[in-house]
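Q: Can you build the whole structure from these sequences, using the hints too?
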Amino acid sequence: MSSASAVAAPADLVEYCLRLGDDCLVLSHRLSEWTGHAHDFEEDVALANLALDLLGQARNLLSYAGEIEGRGRDEDSLAYWRDDRDFRNCLLVEQPNGDFAMTMVRHLFFSAHQVALHQRLLGSSDATLAAVAGKAVKEARYHRDHAALWVVRLGAGTEESHRRASAAVTALLPLVGELFEEDALVQRLVSNAAIPDPGQISAEWNTYVDATLREATLDRPQVASRSGGRRGLHSEHLGHLLAEMQHLHRSHPDASW
Amino acid sequence: MPLGEHSARAAVASVCDPELPGLTLEDLGVLRSVEVDAAGAVLVLLTPTYSGCPALDAMREDVLKALRAAGFPRAKVEFTLTPPWSTSMLGPRARERMRALGIAPPGVGSTPISITLKCPNCGSLRTEETSRFGTTSCKSLWRCRSCGEPFEHFKALH
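First to last, the sequence lines map onto chains C and R. One point on numbering: in my numbering, the residue at position 15 of the first sequence is 15, and numbering is uninterrupted. One point on numbering: in my numbering, the residue at position 64 of the second sequence is 64, and numbering is uninterrupted.
Treat each hint with caution, since some may be false.
To be verified - To give a feel for the contact side, a few chain C residues facing chain R, derived at Cβ under 10 Å: (1) S28; (2) G36; (3) N49; (4) Y142; (5) L149.
If you are wondering where the hints come from, they were derived from the structure by calculation, not from laboratory data. In this text, all values refer to a predicted model and were calculated from it rather than measured experimentally. C-beta atoms are modelled at their ideal positions from N, C-alpha and C, and glycine is treated no differently.
A: Structure below.
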């Protein structure tokens with residue numbers, strides 16, 4: 001990201017921050033659904049911690065999106081008053097938690113992407129994106145390590161845990177390509193040196209995830225990619241998630257603790 | 001440093017972290033700066049340890065309260081993300097105070113992972129991590145295999 005050709009257009013930055021911010025917000029909500037349901041106390045606390053970090057990252061990104069947009073929308077109005085078609089998160093993060101293997105494989109895939117992306121966003125031509133990434137990358141490393149430990153433990157564990165981890169990899173791999181998708185917005189922001197080239201991120205992702213899956217004795221099947229989230233074309237799961245997340249705020253707009 | 005700034009700084013520096021009573025915002029390296037303008041208005045700059053630290057609102061309130069008590073009714077607290085907080089920003093007394101609270105402090109160097117931790121209760125090195133994530137974002141959970149006590153570790157963040 002050394003040859004900045006121009007400053008990124010505000011509208012492009014807004015859209016990009018919504019993508020990253022919605023990823024964090026939606027996955028944070030998914031993880032919070034585990035609270036009180038994990039297999040032991042330590043993991044319950046761990047999942048809540050992951051959710052909390054992601055919520056903080058979402059707040060930073062959505063606040064910044066609202067600020068550049070300049071139409072008076074703050075983090076709360078962006079989180080609670082947009083409908084599913086206006087959400088820009090990837091399909092991966094809105095997938096239901098399924099079993100614990102599904103949740104951990106999803107988190108490995110997502111956090112490996114976050115680490116690779118945020119490390120490079122540190123050099124963004126946009127100072128706020130770089131600052132937000134500076135916090136997030138430290139957190140994402142902990143998340144990635146945690147998810148990788150579990151995926152190895154499940155994959156190389158019992159016959160049953162292997163079967164479940166393997167099913168999770170097969171189910172979620174088709175949704176990974178979307179993380180590295182290069183559409184017109186990404187191309188413009190790459191040329192503005194605001195964001196890194198997705199090719200570099202996917203290369204690092206492949207190296208890390210392949211090594212983890214190998215250690216976990218899990219195969220990586222060839223799959224066809226599915227996408228649409230960045231354009232607001234979501235799976236049916238997002239609507240249900242938003243209904244729960246937004247209900248209280250929409251019913252009682254001025255409620256406070 | 002003008003006189004007002006000195007006492008404003010002292011008031012803010014004495015504020016404890018809401019989740020780690022016994023450690024001040026200054027000990028934790030969360031306090032970045034305290035400025036007083038010509039009209040006597042105070043601007044305090046804090047930095048969060050983790051993006052999702054839920055204690056930020058409580059910190060803001062506690063800082064404003066301490067400043068009011070010190071005679072600075074007009075004050076503002078802002079948060080900055082740069083440079084990002086790391087455990088290298090912990091103050092000189094932080095580790096000692098953590099030990100006093102029964103929390104194993106992070107190492108001093110830049111090694112990302114401690115091989116083992118000393119039990120803050122009995123001093124044994126026969127300890128193990130039970131979870132990388134603890135009761136707050138900045139801590140992990142450990143157990144001592146000698147005395148059997150569980151304890152918390154303030155995680156290294158680089």
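Q: It remains to establish, for every hint, whether it holds in the given structure.
A: A quick look at each hint next to the structure:
1. Nearest Cβ of chain R to the Cβ of S28/C: about 8 Å, under the 10 Å cut. The hint holds.
2. Hint on G36/C is violated. Least Cβ distance to chain R is approximately 15 Å, over the 10 Å limit.
3. At its closest, the beta carbon of N49/C sits 4 Å from a beta carbon of chain R; the interface hint therefore holds under the 10 Å criterion.
4. At a threshold of 10 Å, the smallest CB-CB gap from Y142/C to chain R is about 6 Å, leaving the interface hint in force.
5. This hint holds: L149/C has a C-beta 8 Å from the nearest C-beta of chain R, less than the 10 Å allowed.
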